[in-house]
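Model the full structure from these sequences, guided by the hints.
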Amino acid sequence: MLDEDIDKAADIFLTLWQENIRLWATEKELLTPQELAALLEAASAAEKGQARG
Amino acid sequence: MPDKRFDLANIKGPRPMALHLSNALSIWREAPMGARRMMETLDGWHPSLSGDISALHSCVQALGGWDKFLNAVEKKASARSDAVLSGISDYLAHSYTRAESAQEMCMKVGSCELYDFGGDGQPILLVPSLVNPHYVLDLKPGRSIAAYLKSKGFRPFVVKWFDPGAEELGFGLSDYIMKRLMPFLDHIVTVGGGPAPVLGYCMGGTLCTALAARAPDKVSALALVAAPWDFASEIPHAGRRYAHVMADILDRLPDGMPVPVDMLQVFFTSVDPTLTDRKFRKFLGLDKASEAAEFFVALETWANTGAPLPRQAATEVIRGWYMDNAPGRGVWEIDGAPVKLTDVTCPVWIAAPPEDRLVPQESAYAMLEQLPDAICHDPKAGHVGMMVGSKAEAGLWSPLVTWLRAKEVANAA
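Chains as they are written, first to last, in the working numbering: chain H, 1206 to 1258; chain Z, 5 to 417.
You can trust all of the hints, since none of them are fake.
Some chain Z residues near chain H, calculated using beta-carbon distances under 8 Å:
{"#": "1", "residue": "Ala39"}
{"#": "2", "residue": "Asp56"}
{"#": "3", "residue": "Leu60"}
{"#": "4", "residue": "Ala76"}
{"#": "5", "residue": "Lys80"}
Because the hints were derived from the structure by calculation, they are not lab data.
Beta carbons: idealized from backbone N, C-alpha and C, even for Gly.
So this is what it looks like as structure tokens:
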């Protein structure tokens, strides 16, 4: 049961993750490839910063 | 016979492939990092998703399985990457070949051709955008506005632009209107023995508006479908921000080089960077022999096909329309003079949905204030869906025919 719930939560997360990018792109009207890369890498940079800190 | 110039085998789509793959795969590559970050903070999420992501966070917290959750996210993100690649691969390998409706080329000027779909009814000129092929007007059986109009007693004539030839490479928009559309219009006026209705789709509608202003005695009715007109800064226009990027690239192209199709495709891709992933993963799940799969292949191939835009025409669109709003300000010059909407004396039908992200409804509807005789219509579908989607007949084609018939009766009276 736990594994099923975890799987379901992972699917929901991935759908929200993609929708988050779509919504920000909509709000900003257009996302250049550079902006998309910046949005995607924001989490990565924050994580790396925390690790270094 | 299918036109070899539009063979799927010749299309390397989705175009540009590198951008589509980069968008789709980077979304899933970075997802596990996003999931790890969600453990620490809920910053970075769009406000409309904050409730959902907060609930998910609480749920995973309650399950007490962060490690399992992160592993599941990683595994499923990788599976989604594989799925979008498989979807693209299936698309490229699909055997569907589009069949065109019966038609005959009746006129050729330069590289541009006019096709007669036949019948003995009222001729009507159908004009597509310059940047995508004509066949969104005749995509496949059941999804063809040209065939529908013929079934309702009209005689459609469809303009096919094709790649610019030696003469068109030096064309601006005025040349396309006065040296290509005008002779085509003259032809159907002769065939029909009088002024004819004209339909323009997307950018083709903007060109037709100028055509109607320059030939008010030849156009009996003007139907504009998702035709942008006002590019004012307060309108949330899809091209507004990207026009500056396009203009910058335009300046870097070698002198005289037409704007490549892939550059134009980057613009369309950027409107929704998640679309490629979503649609190809959905396609992967379709029965490949189904009409839905064939429709997808036909439409995707249409979207991935196009002609380079001559430099002068591209400059007028990118700088003149998107950046300077020349049409909306009444200073767009065609045949040596500004196009004034008050010169469009025929009845005008403006179809534009609020869902359209490429051509905002406000941009199309802005004409209403200045046109002497115009009404608007909401087709209740998106930019392409309204033309070929499952709701196209009810939302666009049928209301169009009703309007055209009413105008015929009014003109006869």
